[in-house]
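A.B. asks: Chain A is already provided as a structure; the job is to place chain B on it using the hints.
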Amino acid sequence: MTDDESPDSKEFDGIRLERVREHVWEIAREDDMRVPARVLASEPLLEQIGDDKTLQQLKNATHLPGMTKHALCMPDGHQGYGFPVGGVGATDAENGCISPGAVGYDINCGVRMMRTNLTYDDLQGKEEELVDSLFANVPSGLGGGGIVEEGIDTVEAILARGMDWALERGYATEDDLAHCEDEGMRPDADPDAVSQKAKDRGKNQIGSLGSGNHFLEVQRVTDVFRPEVGEAFGLEEDQIVVLIHCGSRGLGHQTCTDYLRRIEKEHADLLADLPDKELAAAPAGSELAEEYYGAMCAAINFAWVNRQLIMHRTRQVFERVFERDWEEMEMELLYDVAHNIAKKEVHTVDGEERELYVHRKGATRAFPAGHPEVPKAYRDVGQPIIIPGSMGAGSYVLRGGEESMNLTFGSTAHGAGRVMSRTQAKQEFWGETVQDELRDQEKIYVKAQSGATVAEEAPGVYKDVDEVVRVSDDLGIGDKVARTYPVCNIKG
Amino acid sequence: MSFELRDHTADVAVEATASDLAGLFGALADGLAAAMCESIPDDGERFSLTVRAESCEAVLFDYLDHLIYERDVRAVLPVENRATVRQEGEQWVVDASARGVPLQGLGAREVKAVTYSEMAVEETPDGWRGYVVFDV
Numbered sequence: 001m002t003d004d005e006s007p008d009s010k011e012f013d014g015i016r017l018e019r020v021r022e023h024v025w026e027i028a029r030e031d032d033m034r035v036p037a038r039v040l041a042s043e044p045l046l047e048q049i050g051d052d053k054t055l056q057q058l059k060n061a062t063h064l065p066g067m068t069k070h071a072l073c074m075p076d077g078h079q080g081y082g083f084p085v086g087g088v089g090a091t092d093a094e095n096g097c098i099s100p101g102a103v104g105y106d107i108n109c110g111v112r113m114m115r116t117n118l119t120y121d122d123l124q125g126k127e128e129e130l131v132d133s134l135f136a137n138v139p140s141g142l143g144g145g146g147i148v149e150e151g152i153d154t155v156e157a158i159l160a161r162g163m164d165w166a167l168e169r170g171y172a173t174e175d176d177l178a179h180c181e182d183e184g185m186r187p188d189a190d191p192d193a194v195s196q197k198a199k200d201r202g203k204n205q206i207g208s209l210g211s212g213n214h215f216l217e218v219q220r221v222t223d224v225f226r227p228e229v230g231e232a233f234g235l236e237e238d239q240i241v242v243l244i245h246c247g248s249r250g251l252g253h254q255t256c257t258d259y260l261r262r263i264e265k266e267h268a269d270l271l272a273d274l275p276d277k278e279l280a281a282a283p284a285g286s287e288l289a290e291e292y293y294g295a296m297c298a299a300i301n302f303a304w305v306n307r308q309l310i311m312h313r314t315r316q317v318f319e320r321v322f323e324r325d326w327e328e329m330e331m332e333l334l335y336d337v338a339h340n341i342a343k344k345e346v347h348t349v350d351g352e353e354r355e356l357y358v359h360r361k362g363a364t365r366a367f368p369a370g371h372p373e374v375p376k377a378y379r380d381v382g383q384p385i386i387i388p389g390s391m392g393a394g395s396y397v398l399r400g401g402e403e404s405m406n407l408t409f410g411s412t413a414h415g416a417g418r419v420m421s422r423t424q425a426k427q428e429f430w431g432e433t434v435q436d437e438l439r440d441q442e443k444i445y446v447k448a449q450s451g452a453t454v455a456e457e458a459p460g461v462y463k464d465v466d467e468v469v470r471v472s473d474d475l476g477i478g479d480k481v482a483r484t485y486p487v488c489n490i491k492g
Numbered sequence: 001m002s003f004e005l006r007d008h009t010a011d012v013a014v015e016a017t018a019s020d021l022a023g024l025f026g027a028l029a030d031g032l033a034a035a036m037c038e039s040i041p042d043d044g045e046r047f048s049l050t051v052r053a054e055s056c057e058a059v060l061f062d063y064l065d066h067l068i069y070e071r072d073v074r075a076v077l078p079v080e081n082r083a084t085v086r087q088e089g090e091q092w093v094v095d096a097s098a099r100g101v102p103l104q105g106l107g108a109r110e111v112k113a114v115t116y117s118e119m120a121v122e123e124t125p126d127g128w129r130g131y132v133v134f135d136v
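First to last, the protein sequences are chains A and B. At position 4 of the first sequence (counting the first as 1) the number is 4 in UniProt numbering, and the numbers step up by one without a gap. At position 114 of the second sequence (counting the first as 1) the number is 114 in UniProt numbering, and the numbers step up by one without a gap.
A portion of the hints provided could be inaccurate.
[To be verified] Pairwise CB distance ranges (calculated): (1) A/E327 <-> B/E45: 41 to 51 Å; (2) B/E90 <-> A/I15: 30 to 40 Å; (3) B/S97 <-> A/E328: 31 to 41 Å; (4) B/R52 <-> A/E327: 50 to 60 Å.
[Unchecked claim] Under 8 Å between C-beta atoms, here's a sample of chain A residues computed to sit facing chain B: (5) R201; (6) V224; (7) H253; (8) T257; (9) T423; (10) G492.
[What the hints assert, rightly or not] Which residues of chain A face chain B? A partial, calculated answer using Cβ under 8 Å: (11) G143; (12) D200; (13) G210; (14) D273; (15) D276.
In case anyone wonders, no lab produced these hints; they're calculated from the structure. Backbone N, C-alpha and C define an ideal beta-carbon position, used for all residues, glycine too.
So that you can see chain B by itself, here it is in the shape it has in the complex:
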């Protein structure tokens, strides 16, 4: 799995690829962290979260939104993101965890929100590709 930060006039976009959907979600979340900070220290405790939504795109949106929420209320930058993605009936479920690096002294910049703008979650011959624009 890997991600790249992509050009966007005012905001920032993350493009990621992975062999499976779980890896893609984790890579996009790591891209979110990279959009806020270039150099990540080794400290911080892991925390976990679960998100449910009505579609694959919606659960990705809610997952990334929840990471931004956790960032603000825990005052940590969520890095080294791991996720599993599954379907339960009509619901999509993400169980995830991240290492929360304390924001104090980190010099991180704020990503305000995840957006649906140009969002892509698609299967490719090599696995999965995702694209997300974040509001900065």
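Bound-form chain A, shown alone:
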């Protein structure tokens, strides 16, 4: 059945969705829902989204005070806790709320892509040396330490200044800052709002991948779909790029936990009106809302530095393996974008400009060409969006689409989205077998701290990233620019 032949409505566990237009499904407002909810998906993706508790979690999200227009689920959406993964919710910054649960525990979990002037030919024959060297030099897994291990003063400087700290310490260049969302620093960061517990956890993890679905991947560009945008992004076929996916580590996780508990104690009345404790929210304008926003922005800065340090170390590894300076290999940051975040943004709603907290939990900002917050280098073509796939499938680079501001508060998907649980994955896949097959059949070299991680992240546990990107492109919220394919992958 083609999308045009999709039925007018679908129902999953008593939740009815009406088809508004191609790829747009709406759950009508009922009971205590403050607004309707919308799912952006093709019919096959909707079938997967309807298979777990995603839709109920999306309905629950509409209960947040100040929720504006719709609570949204992106094409890669799946069940999370409280707010669904792939969820976008814009709440009024004056009369609404800010919700740590709608940001997620891993504040500023995100992705960055670094381009090089190397081609796949340059890399062939060096894959094993490169993957071994990256694995040995980039801290990953639990207890692996960090690239920088210093005291609390360093943590506080990073929380306050983000990438500016990395620049001062020689881990970043001016050009790196210019190609990062918000130039790698949230000015609203308040290090004093981050607990000692969180700082203790972050202290030895500065510059580390962690584990789970976080990874560093060397990739080759296989397709460029929009040559003029590809040129602006510095991408061409057969080029080698590096993708880094990780977040704010224990510091961010603890910050979310701390504020969930404080909200529970200090705003029990608001919490009592919400259908799920994990949606915990602080009323806009309250002291706690301001504190959380300051702490979250500080954790955002921490995550940017985390990814920057890993990129810096990657440049050093490439220098040793290819016996050339990183500058000579033109190892430049293409872009760094967050996909677990809430930001104060101004959006036009029903003809009126309003300041909103836009929560993106497993969703990526996707501002179109001309938007003033898109870095100058990309303002004519739109913001780069990086969509990682699984280690056996392609990843994508998109650009912010013209429809994103109307449909999704300037947002699109963040990845492929899981379809299989980790426990089931370990029953169905054996880590070493997955590694061997990827190497022998696909020429993809994978190195991980644990075979269980490889099994949990096997290509078969993810949705079809091609379909996720097709829907984003069809809707005009994030337009397909290039596709990349893994060569080397390291994970915790």
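C.D. replies: Frame of chain A; chain B shown alone:
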């Protein structure tokens, strides 16, 4: 007391049963360790902790959160968890201990945080049942 890891699309859930609340807390904590590592070595020193909170669910949340905190700052995996749970006025108190297995070389995977999502702590005809979803 016993626990099982349960399916969850993106994260991991632990379901546990025990004859009393103390056993349930210890079993859920052991489930947390199992979610991070399948094969646990015999080494490591025991450490103890005390947590206080306003309700039974809250003290379970804080107890598991504290174990995750200890994991990161001590660089150990807390296993063989033992806990006592009591009420002091309006406060719930957990006194607990765990054996801290050094993370170095263990190949453990990270659980990021405990969540309230679908959390259950309930008395059953056979004792107690608990269910916790962890963010991975």
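A.B. asks: Run every hint past the structure and note whether it holds.
C.D. replies: Evaluation of the provided hints:
As the Cβ distance of A/E327 to B/E45 is approximately 48 Å, the hint placing it in 41 to 51 Å holds. At roughly 39 Å, the beta-carbon separation of B/E90 and A/I15 lies within the given 30 to 40 Å, and the hint holds. As the Cβ distance of B/S97 to A/E328 is approximately 56 Å, the hint placing it in 31 to 41 Å is violated. Taking 50 to 60 Å as the suggested C-beta distance range, the pair B/R52 and A/E327 conforms, at roughly 55 Å.
Given the 8 Å rule on beta carbons, the hint for A/R201 holds: about 4 Å separates it from the nearest Cβ of chain B. With its C-beta approaching chain B no nearer than about 31 Å, A/V224 sits outside the 8 Å limit, and its interface hint is violated. With a least beta-carbon distance of about 4 Å to chain B, the hint placing A/H253 at the interface is held under the 8 Å criterion. Taking 8 Å as the C-beta cut-off, the interface hint given for A/T257 holds, the closest approach to chain B being about 5 Å.
The interface hint given for A/T423 is met, as the beta carbon of that residue sits about 5 Å from the closest beta carbon of chain B, less than 8 Å. About 7 Å separates the beta-carbon of A/G492 from the nearest beta-carbon of chain B, less than 8 Å, and the hint is met. The criterion of a C-beta within 8 Å of any C-beta in chain B is met by A/G143, whose closest approach is roughly 3 Å, and the hint holds. Checking A/D200 against chain B: minimum C-beta separation of about 5 Å stays under 8 Å; hint holds.
A least Cβ separation of about 5 Å between A/G210 and chain B falls short of the 8 Å threshold, and the interface hint therefore holds. Nearest Cβ of chain B to the Cβ of A/D273: about 16 Å, over the 8 Å cut. The hint is violated. Checking A/D276 against chain B by beta carbon gives a least distance of about 7 Å; that is within 8 Å, so the hint holds.
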